[in-house]
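K.L.:
Place chain B on chain A using the hints.
Read top to bottom, the protein sequences are chains A and B. This note's numbering puts the first residue of the first sequence at 4, with every later residue one more than the last. This note's numbering puts the first residue of the second sequence at 4, with every later residue one more than the last.
Fair warning: there could be bad hints in the mix.
[What the hints assert, rightly or not] Some chain B residues close to chain A (C-beta under 7 Å, calculated; not the full set): (1) I186; (2) A197; (3) D200; (4) G420; (5) G443.
Since the hints were made in silico from the structure, they are not lab data. Glycine residues also receive a C-beta, built at the ideal position from the N, C-alpha and C atoms.
Number of protein chains: 2
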Amino acid sequence: MNAAAPVRRGDLPAALTALANRFGDSLSTAKAVRDQHGKDVSWHEALAPDAVVFARSPADVQDAVRICAGHGVPVIPYGVGTSLEGHISAPFGGVTIDLSGMDRILRVGAEDLDVTVEPGVTREALNEYLRDTGLFFPIDPGANASLGGMTATRASGTNAVRYGTMAQNVLALEVVLADGSLIHTGTRARKSSAGYDLTHLFVGSEGTLGIVTAVTLRLYGIPEEIAAAVCTFDTLEGAVRTTIETIQLGLPLARIELLDEVAVRGVNLHSGLGLPEKPTLCMEFHGSKAGVAEQTQTFADLAHANGGGDFAWATRVEERNALWRARHQALFAAKGLRPGCEAFITDVCVPISRMAEAILATQADIAASGLTAPILGHVGDGNFHVIFLLDPEDAGELARVKEVNGRMVDRALDMGGTSTGEHGVGLGKKDYVLREHGAGAVGVMAAVKAALDPGNIMNPGKVFDRP
Amino acid sequence: MNAAAPVRRGDLPAALTALANRFGDSLSTAKAVRDQHGKDVSWHEALAPDAVVFARSPADVQDAVRICAGHGVPVIPYGVGTSLEGHISAPFGGVTIDLSGMDRILRVGAEDLDVTVEPGVTREALNEYLRDTGLFFPIDPGANASLGGMTATRASGTNAVRYGTMAQNVLALEVVLADGSLIHTGTRARKSSAGYDLTHLFVGSEGTLGIVTAVTLRLYGIPEEIAAAVCTFDTLEGAVRTTIETIQLGLPLARIELLDEVAVRGVNLHSGLGLPEKPTLCMEFHGSKAGVAEQTQTFADLAHANGGGDFAWATRVEERNALWRARHQALFAAKGLRPGCEAFITDVCVPISRMAEAILATQADIAASGLTAPILGHVGDGNFHVIFLLDPEDAGELARVKEVNGRMVDRALDMGGTSTGEHGVGLGKKDYVLREHGAGAVGVMAAVKAALDPGNIMNPGKVFDRP
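Only chain A is shown next, with the shape it has when bound in the complex:
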């Protein structure tokens, strides 16, 4: 979507009048507010919505959707704006529903290890709230994203290798549909075979099928022992081989993250960790004291056999936090490699047996294209990210980045992988979704979309183009 302005749809003036009557000061049409709500942290062109409703309750969401539906005006859900593929841009104008004010934790089930939250609760706020319970919510995409947004994009992150993604951790949802009606999906039972799995249908649907107004999530006990470590490898193949052998052995690592040489250089510049500028794995081990000791010993044996060098251990909570903060700040750190640049972030996911090949081919393509682009990976899942560092004034450079990105996705698909492991489709990966799933499967997606949103008002223009 490269149009400079939204292609508006529906009777916007009538919708805005009705919304103003219903929402008063909780409706804003101020330019600064609109601009902020159309812009995520991606490179995609930000197209501002025409208005923003600040919702405080499911009834607010229902009324806003009903009014917009009545006038054929698009509706775009907004959490905290940390998405990466233009999910909150408004190519057809319309009304953004800001859910950040729906930030209550509705219920904690300590015995059942579950919690129900409103969609605007962020993952850090949830874990802060849980601190005295001995429980935590592990899914960690790096950014302090909202749990509604993480649900909508099927987010995952560093802990997914052990704890799964949002797909495995959402038990139940409350969703407002395109007609303003409200439904519940799933239950608090840990499993069910009672009918179609609507929960998984809405998880990852990026606001195109409905707006999530409550999420029931699985929680986990904080492990007795947590240890983190950094290990440097002579070769990328050695780091990846170690990862594969770890997974094959069933070693229950909580995190295993790869940084390539360029990414390590960025982290060093930003965080002063002074790591050797070589392919590097950052790990975290969760378990009992004896279990963690056994895991770390097994891992060290595998790493040494694959050319892994010295380990730096971080067992104290402050050291661990410093390590993961440095990892999470890799995006900002990367920008230090090229001051004044913009970042174009992308991800793919491949079967782990093909991971070294996929990353090495991408590195070679980056080099051949004269680009600077660190690579970071949730390698236990076969998922890796490229942060292209762009001169925003150089149109030719953006074109080259898009070509390298396209070739990276093509290779991932040829290897049996996916065009995005955890960022979602948004505006950026629609063409690849069609190639990945084929016209038949995208036709099924479109049929489901048409059945649930016949007016195509729910975050239109995302995920796939309606046939």
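P.N.:
Then chain B, alone, in the frame of chain A:
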């Protein structure tokens, strides 16, 4: 569905002529064949289809569906007939597609821990095939079900507490849709956020949205150490409390199964294990030698604190197999408690904090209703089964069973649980699905069904009634 004969739909003679031309000897209209294909292992009235096609390839399935679709004739997929809620009965007549001949293992990805199979491969055949690879597929519903059928009913079983259900273990599918077209969902990547999650939509859809012609599954390394144990408790609450504390501690038990007093009596009669007739837990521990030793010690401490008595350990593979064979034969064992009876099997799943209450209330209701019905549970998930032992000649008894079953489901729903944890809906739980999800969510299911199967030919009459 209590009609004595199917209410036929579509132009059956024309469809049968076309099928005979296409399939020759692979089409059967013999009564014995038809009767066998309409009857699962449940109490539901078996309504035979009008014909059976024995498919050998996706193209066979596509052609059979296209011919039936062209004449408005229902299509019912059949694996090995072990379903429990009348899933393969033919209330509207039509053609059963027997997939048991599609039994090839198409690909094993040893490095990626995945496998692609045709739908007729059974779980035991798969594990037999994998024996020399050091890998296994853990999902184990007891019966030697086909993997296509397990996909269709979102099956799980004794290992789900550690390895998840079919929902967590199906990576990708090949599916024939209601118009005979073939699509692929998912990829071999371990995670993805590339578009709607069609894989989870088809998993558990019981053949009502499409017919699975290939399944890509996750595999696991066979653990270094496996130990099994049996522990008897003075009270059911003690057994359940031990289970809850185990889950809260994050102890990675592979199996934790409850048998109530009546179920133990049945197992003793059948297998001669000589267990004390008290609430009993059967556990299995997977891990390294040290890890299993630590798990078993922790578990023993929890059990003793909750009134658990002596442990019987089974570390040798023969002993373990004898234990789990006894557990899996509990259904047949139960029939020994009342010779000549029929079994009416049902399941619910509740948040684990409510499990003791749910089971005790069910036991009291069984006793008050003058029925015999052992209870077995996958208690780590909050899932339990009741095997009602019925005199088939006594219509009043069936009515009482249905009432007890209904009250059990009602309690489960009131507790935030689900009407079926792993058996599926089929014919038997349609009314409860409506109560569980509400008219709005069932309306979404019906809209999806109508979008993908406008002629309502795919296993009609199952899961929910079309509005």
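K.L.:
Take the hints in turn and mark each one as holding or not.
P.N.:
Hint-by-hint comparison with the structure:
no. : hint : in the structure
1   : I186 : holds (4 Å)
2   : A197 : holds (5 Å)
3   : D200 : holds (5 Å)
4   : G420 : holds (4 Å)
5   : G443 : holds (4 Å)
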